[in-house]
Amino acid sequence: MKYLQILLILVLFFNCKNENSKAETETLTANEIIDKSIEVAGGGKFDSSTIKFVFRDHRYTAIRTKGKFRYTRFKVDENKDSILDILKNEGFRRYTNMKQVRVSDSMIVKYTASVNSVHYFSVLPHGLNDKAVNKKLLGEEQIKENNYYKIEVTFNQEGGGEDYEDVFIYWINKSTFKPDYLAYSYNEDDGIGMRFREAFNERYVNGLRFVDYNNYKSENPETKLEDLANALESNQLKLLSKIELENVEVDLIDL
Numbered sequence: 001m002k003y004l005q006i007l008l009i010l011v012l013f014f015n016c017k018n019e020n021s022k023a024e025t026e027t028l029t030a031n032e033i034i035d036k037s038i039e040v041a042g043g044g045k046f047d048s049s050t051i052k053f054v055f056r057d058h059r060y061t062a063i064r065t066k067g068k069f070r071y072t073r074f075k076v077d078e079n080k081d082s083i084l085d086i087l088k089n090e091g092f093r094r095y096t097n098m099k100q101v102r103v104s105d106s107m108i109v110k111y112t113a114s115v116n117s118v119h120y121f122s123v124l125p126h127g128l129n130d131k132a133v134n135k136k137l138l139g140e141e142q143i144k145e146n147n148y149y150k151i152e153v154t155f156n157q158e159g160g161g162e163d164y165e166d167v168f169i170y171w172i173n174k175s176t177f178k179p180d181y182l183a184y185s186y187n188e189d190d191g192i193g194m195r196f197r198e199a200f201n202e203r204y205v206n207g208l209r210f211v212d213y214n215n216y217k218s219e220n221p222e223t224k225l226e227d228l229a230n231a232l233e234s235n236q237l238k239l240l241s242k243i244e245l246e247n248v249e250v251d252l253i254d255l
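Note that UniProt numbering numbers the sequence shown so that position 21 is 21, with each residue one more than the last.
Calculated from the structure, these hints are not laboratory results. Accuracy of the hints is not assured; some may be wrong.
Claimed, not checked - The calculated lysine-lysine pairs, modelled on DSBU-like cross-linking and capped at a C-alpha distance of 30 Å, are:
#, residue 1, residue 2
1, Lys217, Lys75
2, Lys52, Lys80
3, Lys238, Lys224
4, Lys144, Lys217
5, Lys178, Lys144
6, Lys144, Lys66
7, Lys80, Lys45
Owing to the predicted nature of the structure, the values given are computational and were not obtained by experimental measurement.
Take the sequences, apply the hints, and build the full model.
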C-alpha cells in the first residue's frame, strides 16, 4: 500500500510538471498579444473618451464615441490668427479665425495625415485592432535584458488611409504586455525613411496609458526595420527628437 501511495504521488507530480511546462511553452498569437496590450493600456475606455493634450505648441483634442471620431488641432500663429483643423469621419475642414477656408485637395491629404498621425501615436496600442490592420508575430527578442514579443503591423489599402504602405514593428514586453519600443517605415518623395521610438515617462490619466518617446533614426542606411532594436543596443541610432505630450486630460464618456 505504501509503494502504491508513493507511485501515485510521483505520477501526480510529473503530470503537474508536464502541464506547467506546456503552459510555459505555449505561444500566444499576435492578435492575443495585441489584445492584452490594449487592455493593459485602458482597453475600451479609449473608444468612449475625450482626450486633450499639447504637442509642439498645438492644442489637440480627440473625441471618440460609438465608432465616430472628431480630431482637432488648434494654434494661434505669429500673426495672432487662430488656425483650427477638424478631422472627422466625414472628412477634413480648416478654419482661420473661426471662418472655414477652402483647402486644395493636395493640402487636404497633407493636413489630414498630419492631424491623424499625432492622434494615432498618442494612444497606441489603441487602434491596432482596426479592420484594416494586419498583425504577424515575428518571434521574440531581448532588449536591455527584457524579453519582448516582436510583432509586425501592416495595413490593407482599403481602410488603411493614405499611408497604408507604412510598416510598423512593435516590441511588446512579455511581462507587462506594454509596447516599450516601436519602429516604422514610411514613404517619402526621395525614398523610404525609418524611425525607431523608445517609450518613457509612462503615466495613466483617468485609467488610460500615455507615454512619451525618444525618436531615433539609423546612422546606417543598410539597417533593416526589424533590426533597429539591435541597432539601439549597439549605439548605432541617432536621437532626432523627443515626442512629448503635455497637459494630458481625459474625460470618459458614459454611454
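Status of each hint after checking the structure:
At most 30 Å may separate the alpha-carbon atoms for a hinted pair to count; lysine 217 and lysine 75 meet this at roughly 28 Å. For the hint pairing lysine 52 with lysine 80, the CA-to-CA distance comes to about 22 Å; that is within 30 Å, so the pair holds. For the hint pairing lysine 238 with lysine 224, the CA-to-CA distance comes to about 15 Å; that is within 30 Å, so the pair holds. A distance of roughly 19 Å separates the Cα atoms of lysine 144 and lysine 217; the hinted pair therefore holds under the 30 Å criterion.
With a C-alpha separation of about 15 Å, the suggested pairing of lysine 178 with lysine 144 holds against the 30 Å cut-off. Pair hint lysine 144 plus lysine 66 does not hold up; C-alpha atoms about 40 Å apart against a cutoff of 30 Å. Of the supplied pair hints, the one linking lysine 80 and lysine 45 is violated, its CA atoms being roughly 36 Å apart against a limit of 30 Å.
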